[in-house]
Every structure is written in structure tokens, then in C-alpha cells.
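Trainee: The sequence shown begins at 1 in full-length UniProt numbering and counts up one residue at a time.
These are calculated hints, taken from the structure and not from any lab test. Quick caveat: nothing in here was measured; it's all calculated off a predicted structure. Note that CB positions come from ideal geometry on N, CA and C, so glycine has one too. Hints should not be assumed to be uniformly reliable.
Derived CB-CB ranges, DEER-like [claimed, not checked]:
1) Q7 / D71: 14 to 20 angstroms
2) A60 / Q9: 15 to 21 angstroms
3) Q59 / T80: 14 to 20 angstroms
4) A60 / T80: 25 to 31 angstroms
5) D23 / R75: 26 to 32 angstroms
When the alpha-carbon atoms are kept at most 27 angstroms apart in a straight line, the in silico DSSO-like pairs for lysine-lysine are as follows [what the hints assert, rightly or not]:
6) K61 / K79
7) K41 / K61
8) K61 / K47
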Amino acid sequence: MPLVVDQEQLRNWLIEEIRPICDADPNALAKYVVALVRKDKPEAQLKAFCVEQLEVFLQAKSASFVDHLFDVINRDAYKTKPPAPAAAPAAAPAPVAAPPAASSSPQQLLHELHRSKQKQSPCPRNSRRLSAKSSYLQFVKHRQQ
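Construct all of the structure, not just a fragment, from the sequences and the given hints.
Mentor: Structure (C-alpha cells):
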């Protein structure tokens, strides 16, 4: 059974965690990580799978990042606390912007992620990068069925 997480709050937490440690687009990588952790595997296998898939982006930091990620998920520490209720509203609340449309397919997200990584720190393609992309695309294809 996949991990049960609040995907939006986890994605927001991931963006802040990823931004200082990786050159890839934090929004795209956060969406990819959320998809990875929701894979239906036992936790030990899922952690190893995540480390393998994230090495392309996080290199030597991937194992410690994944350990921290699962610790945070297990404690629900990624969830933001709701704001304390105000005594009396001073003014009408400002209109809330709609969340961005989920128009990007997972394949587009991974492509965008690879493209942003290549722009910021070009490196030769290697079998591990191709393997990570292939695994992700297979995951997405299986998930859509």
C-alpha cells in the first residue's frame, strides 16, 4: 500500500528542502519525489528505490535526503500548522489565487526537470540518468492504467 501523504503540503515542504541542495527546478523535482514516495512498495525497498532515482539530481546527498524525507513523512513533520484563529477579522480577506493548473503530465515534469538540470550544470548523459528516466516513465505508464 502506498504511503498516505498530503501531497500538496509535502510538495511545498520538498520545494524548500530541495532549493538549497540541488540545481534542478525545485517545483518539478518536488512533484517527482511525491510521485516516487507514493509507489506501492515496502518502506525499505521504497527508500532504496528513491535513493537510486534521486542520485541523478542529488548525487552524494541522495541517501541522507531520503532518510530525512522518510523521517519527516513518518512524523507528519512536513504538514504546516493551520494559522491561529483571529479574534475579529479586521478587513475582508484578500481573494485567494487559484492553485496552478495540473496541466503538466508526469512525462513533461520529468522532461522539464532534466532540462532545468542541464541548463544549470551540464553533464554527460550516463546510463544511470537514462535508467532513472526510464524507470520514472514506466512508473507513470503503470500508474495511468
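Trainee: All hints are to be evaluated individually against the structure, with a verdict given for each.
Mentor: Each hint, compared with the structure:
Between Q7 and D71 the Cβ separation comes to about 18 angstroms, which falls inside the hinted range of 14 to 20 angstroms. Take A60 and Q9: their Cβ atoms lie about 28 angstroms apart, and the range 15 to 21 angstroms is violated. The supplied range of 14 to 20 angstroms is broken by Q59 and T80, whose beta-carbon atoms lie about 29 angstroms from each other. A beta carbon spacing of about 30 angstroms between A60 and T80 agrees with the range 25 to 31 angstroms that was offered as a hint.
The hinted window of 26 to 32 angstroms between D23 and R75 holds, with their beta carbons roughly 28 angstroms apart. A distance of roughly 23 angstroms separates the Cα atoms of K61 and K79; the hinted pair therefore holds under the 27 angstroms criterion. A hinted pair counts as satisfied when its Cα atoms are at most 27 angstroms apart, and K41 with K61 qualifies at roughly 22 angstroms. Of the supplied pair hints, the one linking K61 and K47 holds, its CA atoms being roughly 14 angstroms apart against a limit of 27 angstroms.
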